[in-house]
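Protein sequence lines, in the order shown, are assigned to chains A and B. Everything in the first sequence is counted per the working numbering, starting at 1 for the first residue and increasing by one. Everything in the second sequence is counted per the working numbering, starting at 114 for the first residue and increasing by one.
Think of the hints as simulated: they come from the structure by calculation, not from any bench. Worth double-checking, as some hints may not be accurate.
What the hints assert, rightly or not - Covered, in the sense of this in silico footprint (three residues per stretch, anywhere, with C-beta under 8 Å from a C-beta of chain B), are these stretches of chain A: (1) 44-55; (2) 101-113.
Said to hold, decoys possible - Computed from the model, here is a short list of chain A residues facing chain B with C-beta under 8 Å: (3) S31; (4) F33; (5) Q41; (6) L91.
Since the structure is predicted, the reported quantities are computational estimates derived from the model, not experimental observations. Each residue gets a CB set at the ideal place from its N, CA and C atoms; glycine is no exception.
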Amino acid sequence: GAGVSQSPRYKVAKRGQDVALRCDPISGHVSLFWYQQALGQGPEFLTYFQNEAQLDKSGLPSDRFFAERPEGSVSTLKIQRTQQEDSAVYLCASSKTGRETQYFGPGTRLLVL
Amino acid sequence: KNEVEQSPQNLTAQEGEFITINCSYSVGISALHWLQQHPGGGIVSLFMLSSGKKKHGRLIATINIQEKHSSLHITASHPRDSAVYICAVCSGHYGGATNKLIFGTGTLLAVQP
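Looking at chain B on its own, in the form it has when it is part of the complex (with noise of 0.2 Å):
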């Protein structure tokens, strides 16, 4: 069983539509990020996040430590919006030596006009 693991794996929306991207984990982290990663590209930083919920532009992002759940939403869904969505835990202890992140497999989202 994966130590991340993410739902759905695809998903295809219209334009326009709301959004939600499921992460759950089983390790004890210090943080938890959201990444986009579009074809042939580089992974670009979302979120950082270990409590609560964060919010940029037309994107949210909540985790619940308790449940080892966040979510990842996209309010009124654009084509540009099509990437791959990773969500990645990281592992380090506060101040320890290690905070190497652990990936989900990734969720690709294709938003149709």
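Bound-form chain A, shown alone (with noise of 0.2 Å):
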């Protein structure tokens, strides 16, 4: 059956331009994450879904990120007015339920320039 998908895969924002990056979730999934990984570093905790509830967002670096999933299935990270420390792959995983398994997405590379 068909994986994660992430989109784009790759996107080039101008500083203080506002981005959205989409993530589709296996279907069935009801847990779904969202992961930042900066160039030669492991991945970090954003925020996570369990059906439509944000029951985590502890990882959200500041107010200029956002993160929605509302019918409980796909889900997009919003991002705005960006800056360059935001350049980084962003990694979307989902599983059956939170205490399973993370499919990872082939992430959405971002480079703020």
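Build the complex from these two chains, which are given one at a time in their own frames, with help from the hints.
In structure tokens, the structure reads:
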């Protein structure tokens, strides 16, 4: 079956621009996670959804970052007024429940100039 | 001090060698994951374990909960095993609201023919 998909795969933004990153989880997966991976680093947690409820957003680095999953399936991570330090790979993962194996998407590589 | 530490950071091996990557963590966990990431590629889950030992093909993962330590072993290593191997722990309590992963910085493995 289809895995987790993310779009766009690559995004170049000018500093100050708003961006929206999309994640399509595996159908039926209740849990959805967003992670940020800076170059040469391990991923870091951003936020977690169980169905449409955002249960943990403790990893969002600033109020410029906003995530939603309004119907409990597709999720969007929005970054407002992008800064150069936002340049990273943004990874989405889903799992049947939060306690099972997480399946990762290919990531969106964001470059802010 | 990072909550999840891996060693070594870089490892070069000759084809056929037995490889061990270590992971130590300092937080309470419900499960530990071993993940594989190829350069420019997505993340693939290799193992999720909460006790004992798991084996899949040439890969073996062990965990010692009392010592807060896990190891990933690769037997008869092959150049196609070259990748970054990441240890991640699930910090969520069983049944709790947060099941985010906390990642180590990864071990870059290069297996030479």
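Hint check results:
1. Coverage of the stretch 44-55 of chain A by chain B holds [criterion: at least 3 residues with CB-CB distance below 8 Å; count 5].
2. Given as covered by chain B, the stretch 101-113 of chain A passes the check, having 7 residues with a CB less than 8 Å from a CB of that chain where 3 are the minimum.
3. Hint status for S31 of chain A relative to chain B: holds, with the closest Cβ pair at about 7 Å, below 8 Å.
4. Taken as an interface hint, F33 of chain A checks out: its beta carbon lies about 7 Å from the nearest beta carbon of chain B, inside 8 Å.
5. For Q41 of chain A, the suggested interface contact is upheld, since its CB lies about 6 Å from the closest CB of chain B, less than 8 Å.
6. Residue-level restraint check for L91 of chain A holds (minimum Cβ-Cβ distance to chain B is 7 Å; threshold 8 Å).
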